[in-house]
Amino acid sequence: MGKPSDLVQGTLDLLILRTLALEPKHGWAIAKRIQQISEEVLQVQQGSLYPALHRLEQQGWIKADWMETDGGRSAKFYSLTRAGRTQLEKEKASWQRLSSAIDLVLRKA
Amino acid sequence: MRWSDGVRWIDKLSLRLRTVFLRERIEQELSSEFQFHLDQQIAENIAKGMSREEARYAALRAIGGISQIQEQCRDARGLNFFETTLQDLRYAIRNLRHAPAFTAVAVFSLALGIGANTAIFSLIDSFLLNTLPVRSPQQLFFFRTNRVKVGHFMVSHTLLNRDIDLMLQRATQAQGIASFQEVSRLSVAVSGHAELSPGEFVSGAYFDVLGVPAYLGRAMVPADNLRSANGGRGWPAMISYGYWQRRFGGTANVIGSAVDINTIPFTIVGVMPPAFSGIALDEPADLVMPMITQAQVEAGSASAGFPKPDNSAGMPFLRLKPGASPQSAAAELTVIFHDAEAAAATNNPRKDEIARRFIELDPAHRGTSGLRSRFSEPLQALMAVVAVVMLIACANIASLLLARSNARRREFAIRLSLGCSRGRIIRQMLTESLMLSVIGSAAGVIFAFWARTLIVRIATSGQPYSPAFLMHWDLRLLAFLSAICVLNALLFGVAPAIRATRVDQNEALKSGQAAERASRLPFGRVVVTGQIALSLTLVIGAGLFLATLRKLYQANLGFNHDNLLMLTLDPHLTGYQGERSTALLEEIMQRVRAIPGVKSATFMNEKPFTGRAYLTSAVIPGYVPKPGEDLANNWTITYLVGPRYFGTLQMPLLAGRDFDDRDTTSMPKVAILNETMARHYFGDRNPIGQRISFDLKKGARPDVEIIGVVRDARYFDIDEDHQDAIFTPLEQSASRNDSQAVSFAIRTAADPDRMAADVRAALRSIDANLPLYDFTTMNQQVQSTISQQRMMAMLSGFFGLLALTLSAIGLYGVLAYSVSQRTGEIGVRMALGANRGRILQMILGETGQLLGIGVIVGLGMSFAATRLIKTMLYGVTPDDPRSFLFGSLILVLVGVCAALLPARRAVSIEPMEALRYE
Chain E
1 MGKPSDLVQG
11 TLDLLILRTL
21 ALEPKHGWAI
31 AKRIQQISEE
41 VLQVQQGSLY
51 PALHRLEQQG
61 WIKADWMETD
71 GGRSAKFYSL
81 TRAGRTQLEK
91 EKASWQRLSS
101 AIDLVLRKA
Chain H
1001 MRWSDGVRWI
1011 DKLSLRLRTV
1021 FLRERIEQEL
1031 SSEFQFHLDQ
1041 QIAENIAKGM
1051 SREEARYAAL
1061 RAIGGISQIQ
1071 EQCRDARGLN
1081 FFETTLQDLR
1091 YAIRNLRHAP
1101 AFTAVAVFSL
1111 ALGIGANTAI
1121 FSLIDSFLLN
1131 TLPVRSPQQL
1141 FFFRTNRVKV
1151 GHFMVSHTLL
1161 NRDIDLMLQR
1171 ATQAQGIASF
1181 QEVSRLSVAV
1191 SGHAELSPGE
1201 FVSGAYFDVL
1211 GVPAYLGRAM
1221 VPADNLRSAN
1231 GGRGWPAMIS
1241 YGYWQRRFGG
1251 TANVIGSAVD
1261 INTIPFTIVG
1271 VMPPAFSGIA
1281 LDEPADLVMP
1291 MITQAQVEAG
1301 SASAGFPKPD
1311 NSAGMPFLRL
1321 KPGASPQSAA
1331 AELTVIFHDA
1341 EAAAATNNPR
1351 KDEIARRFIE
1361 LDPAHRGTSG
1371 LRSRFSEPLQ
1381 ALMAVVAVVM
1391 LIACANIASL
1401 LLARSNARRR
1411 EFAIRLSLGC
1421 SRGRIIRQML
1431 TESLMLSVIG
1441 SAAGVIFAFW
1451 ARTLIVRIAT
1461 SGQPYSPAFL
1471 MHWDLRLLAF
1481 LSAICVLNAL
1491 LFGVAPAIRA
1501 TRVDQNEALK
1511 SGQAAERASR
1521 LPFGRVVVTG
1531 QIALSLTLVI
1541 GAGLFLATLR
1551 KLYQANLGFN
1561 HDNLLMLTLD
1571 PHLTGYQGER
1581 STALLEEIMQ
1591 RVRAIPGVKS
1601 ATFMNEKPFT
1611 GRAYLTSAVI
1621 PGYVPKPGED
1631 LANNWTITYL
1641 VGPRYFGTLQ
1651 MPLLAGRDFD
1661 DRDTTSMPKV
1671 AILNETMARH
1681 YFGDRNPIGQ
1691 RISFDLKKGA
1701 RPDVEIIGVV
1711 RDARYFDIDE
1721 DHQDAIFTPL
1731 EQSASRNDSQ
1741 AVSFAIRTAA
1751 DPDRMAADVR
1761 AALRSIDANL
1771 PLYDFTTMNQ
1781 QVQSTISQQR
1791 MMAMLSGFFG
1801 LLALTLSAIG
1811 LYGVLAYSVS
1821 QRTGEIGVRM
1831 ALGANRGRIL
1841 QMILGETGQL
1851 LGIGVIVGLG
1861 MSFAATRLIK
1871 TMLYGVTPDD
1881 PRSFLFGSLI
1891 LVLVGVCAAL
1901 LPARRAVSIE
1911 PMEALRYE
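Each protein sequence line maps, in turn, to chains E and H.
Counting from 1, one number per residue, gives the positions in the first sequence under the numbering used here.
Counting from 1001, one number per residue, gives the positions in the second sequence under the numbering used here.
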C-alpha cells in the first residue's frame, strides 16, 4: 500500500489540482476521490493534505469558499482558479515528461 | 510576485493581509475545517459498522496530531512568520533585560559608533553630495578664464561685462547665461532700523537660468536689470525665506515693502524658496539685488552710476543646451572672449597675455563653497576613521555575544535535542542582535545630532552658513542609517550565532565547559588582535594630526600675532567719501592711540590671514626676467597700509624706515618690499632708494621710491612658502577706493579681547553710526585658517581615544574569560607547586602575545594608511617615527592596564576552591 510519503515530492499538489479540475470539493472529498480513482493505492493522509491545500491557496492556485454540502452542512470547498488551471497543465506536462523518462530507463537500461 | 504566475499580485496581497488581520476568523475556519473532516470520517466508520464510540476513536487515530497539522497549515499560510518574530522579539527583550550590564555596554558602544558614522555621513551628504535645489542642476556650469600661477596661488582673471554681453549675443551651446556677485555686508534698513546682512547681486536671467521660482511674489526677471527698473519706489529686490522669517516675521504683506540697502531705496518683490539662498553656500544671501545696482549699493550713493563694460561681471555660469558638451561650450566661449577683448582693448599692454587666456567650465550643480573644498578631504578621512571605530565596536559586541552564548550552550543543546532547528536558534539570536542594533541606532541618532552641530561649529568657526549645510533627513541618510544598523547586527551577530549552535549536543549536555576549553576561544583572540591593530592605526593617525597642529601653532609667522586687536570699518556705508573719509581715518588713529593700554595702531585695506589679497603688477626698471618668467603675468600681493604698519604688527624691518605720517597724498610715492621680493628683483644690490612703477604702459616714469625692506611673513596660511609682497601707503594708492572697507590693527599691552569695549566706545564717540564689525584678535584670525587641521586633530584624537577604550574593553573581556575558563587548570598548576609569579607570567604572556601580534599588524596597517593623509599633514612625515613609537607605547600601556584585573584574579585563585570550582 502506498503511503503518502511514497508520493513523489510535489505530486500531491498535482493530484489535488487535477481532482479539483472538474468541480469544487472539500478536503474530505478530495482525499476520498484520489483514493477511489487510484483504486485504493494512494492514501492521502490529512497531515499532508491540509497543509498542501493551504499552501496552494496561499499561492493563488486554488480558492476556498464555505458552501453547503449535500447533507446540509457547511464545509470549506476548494476550487481551481485560472492560475491554478495553468499550473495544472504545466505540472501535468512535466509529470508526463518525467514518468515517460523513467519508463524509458526502466525498459532500456 | 511575478506576473507570469498568472496570479494578480493584488489578490495575493489581499490574501496576505487577510492572513495578518483576520487571524481569529482564520483560526476558526481552520478548526471547523478539521471538525468537518473528523465528522465525515466518523460517519464513514459508523457506516462500516463500528459503534459510535469506536468510530470516533478510529477517526481520531486516523487523522493523527490535529494541532500539528493545524500548525503546518499556519506555516503554509505564512501565519507563523509574524508569530515567531513577535516571539523572538519578546524573547530578545527578556534576554537583554536580564543582562543589563551587557546591554548597556553594547548599546553604548553601538550608539557611539553609529552616531559618529551618521554624523560624518550626514556632513558628507550635505557638503559633498547635495545638489542645488534648482532645475536639472547637472546642466549648470561656472565658466572662467584659465587659472594662472600668482605667487603660490592659482588665480583666474575675472571676465568683464563686455565679455559676457558678447557671449549672451553669440553663444549657441548654452540655453542661458547669468552671473552673480556675493557681497558680505549690506546695511539693510527696514523702517529706519539698520542691520548688517550678506547678499548677492544677480544678472537678469539668474532665476530663469537656475529654474528657481519665487516662493512668494515674483522672481527677478531681465527687465529688473534695466535702468527703467528703478521705479518711483526704488529698485526691485528679493529676500531669502530665512530673512523673511527673521526680519519680517513671515508675513505675506512683505511684498511691496520698502528697504534701504546701503542708503539706496529698494522694494521687495519676492521671497526665495526655503532651501535656496543663492549659489554661494558659505555666505547665504539674505537679499538679492539686480546687478545694475552694484556700484550704487557698494558706494552707498546713487551718484556711483551704472556698471561699465570694463567692470567685473562677477561669477558667471551657464546652462548647457541638451546635447552640448562642456568642451564645445568652452571652446566657443573662448573664441567669443578673444573677439570681445580684441575689439575693446587695442592698446592694452597686456594684450598678448590676454590672447593666451582661455575659458574653462566647472560643474556648478553643487554651488560654490570654500568650506566644502576645504573639508572634503578631511570628511572623507573621517568617514574612514569612524568606519574603523564602528568595526572595533562591532568586534567588542561580537566577543561579548560569543561569551554569552557560550554560557547558553547547554540551553541550546537541550533545545536542539528537543527538535528545535538550528536555523530557528540562529534566527532568534539574530533577532536579538538586530534589536540591540536598533536600540543602538536610536541612541546613535541623538548623539549624531549633537556631534554634527559641534563639528559644523568647529568647521565654520561660528560663521553663518547656508541652509544647505543643515542636517536634514533625506533618503540617502535614512538608507545609510538603516544599512549600517542591519550591517552592524550581521557583523557582530552572525559569527556568534553560528558558532553557538555548532555544538556537539552530547558533549554540551554533559559539560558546558569541556567542549569549549579545547579551542580556548580562537575567534575571540583573532577579533581582539584585529581590534588592537585597528586602534593602533587610529592612534597613530591622531598622533600625526596632533603633531601637525602643534607645528602650526609653533610656526613663525614673521610678525607678532599676540595682543593684536583687529576690527573692520566701512565708512562709505554711512556716507563718508573722499576728504571726509581721510579725515575720519586720522581722527580714529588719534583717538585709538590715546586709549590707555593701546601701544600702537595702524590700518590697512586687507588683513593678513583672510584668504583675500589685492594684487598689482610692479614694473622694476632694468630687471631682466629669468628664463621662463613672464613679466606680463606677474602679479604681486600688495598691501595698502597706514602709518606705523610694521611697528604695530612687529614685522622687523631689515633696512630703511617704516611708513609714517609724512607719507601722504601730497608727498613722493613710497613702497616697502619684503625680503623675497627684494632678492627677486635686486639680488644682492641694495633696493633702498631705487624707483619702481605700478604703470605697465611703455615709457611710464618710475615714480615710487623703495624706502625699506621688511622680513618675510606669512600672509594667507601658516604653511605657505615665502612669496613676494609689496607694501604702499593706503593714502597714496591710485586704486584707493572709497567704497572699500578699512581694517585696523591695534597693539595692546594686555589681553586684546578686554580692550574691545574701550575701542568701540572711542569710535562711537566719533560717530555713533559707524558700521564696525569683525572685532577679533589676530590670533583668532590666524586660527580660523587652520580650522580644518584643528578639526582633524580634535576629532581624530577623540575617535582614537574611543577606539583605544573599546579595544581595552575587548582585551579585558577576552582575558577575563580566559582566566575564568582556566580556573581549574590554574588550580591544578598551583596545587602541583607553581607559584603565583609563574601564574602571573602565564597571564601576562598571553596578553603580550595578543598585544604583540596586534601591534605588529597595526604598525603595518598604519604605514600603509598614513600615506593617504600625507597632504593633510604639516611639519611631520606620514612615517614620523615619534608618532609610531608613542602610538605603540600608549597601546601597550592601555593593554597592560586592561590585563591587570584578570591577572590579579588569576593570581588570587585559591587552589582548593579552584579544584572544587567545576
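Keep in mind that the hints are not guaranteed to be accurate.
Unchecked claim - Listed below are the simulated EDC-like cross-link pairs for lysine to aspartate or glutamate, each with C-alpha atoms no more than 16 Å apart in a straight line:
id, chain 1, residue 1, chain 2, residue 2
1, H, K1669, H, E1705
2, H, K1599, H, D1562
3, H, K1149, H, E1332
4, E, K63, H, E1029
5, H, K1308, H, D1165
6, E, K32, H, E1044
7, E, K63, E, D103
8, E, K32, H, D1039
9, H, K1149, H, E1720
As the list claims (entries may be wrong) - A few chain H residues that face chain E, going by a derived Cβ cut-off under 7 Å, partial list only:
id, residue
10, Q1040
11, C1073
12, A1214
13, W1473
What the hints assert, rightly or not - Label-pair ranges, simulated between beta-carbon atoms:
id, chain 1, residue 1, chain 2, residue 2, range
14, E, K32, H, R1424, 44 to 54 Å
15, E, E23, H, R1424, 52 to 62 Å
16, H, T1084, E, K32, 28 to 38 Å
Honestly, the hints are just simulated from the structure, not real lab data.
Where is the CB? At the ideal position from N, CA and C, for every residue including glycine.
**Prompt:** So which of those numbered hints doesn't the model satisfy?
**Reply:** Checked against the structure, the hints that fail are numbers 3, 7, 12, 13, 14 and 15, while the rest are satisfied.
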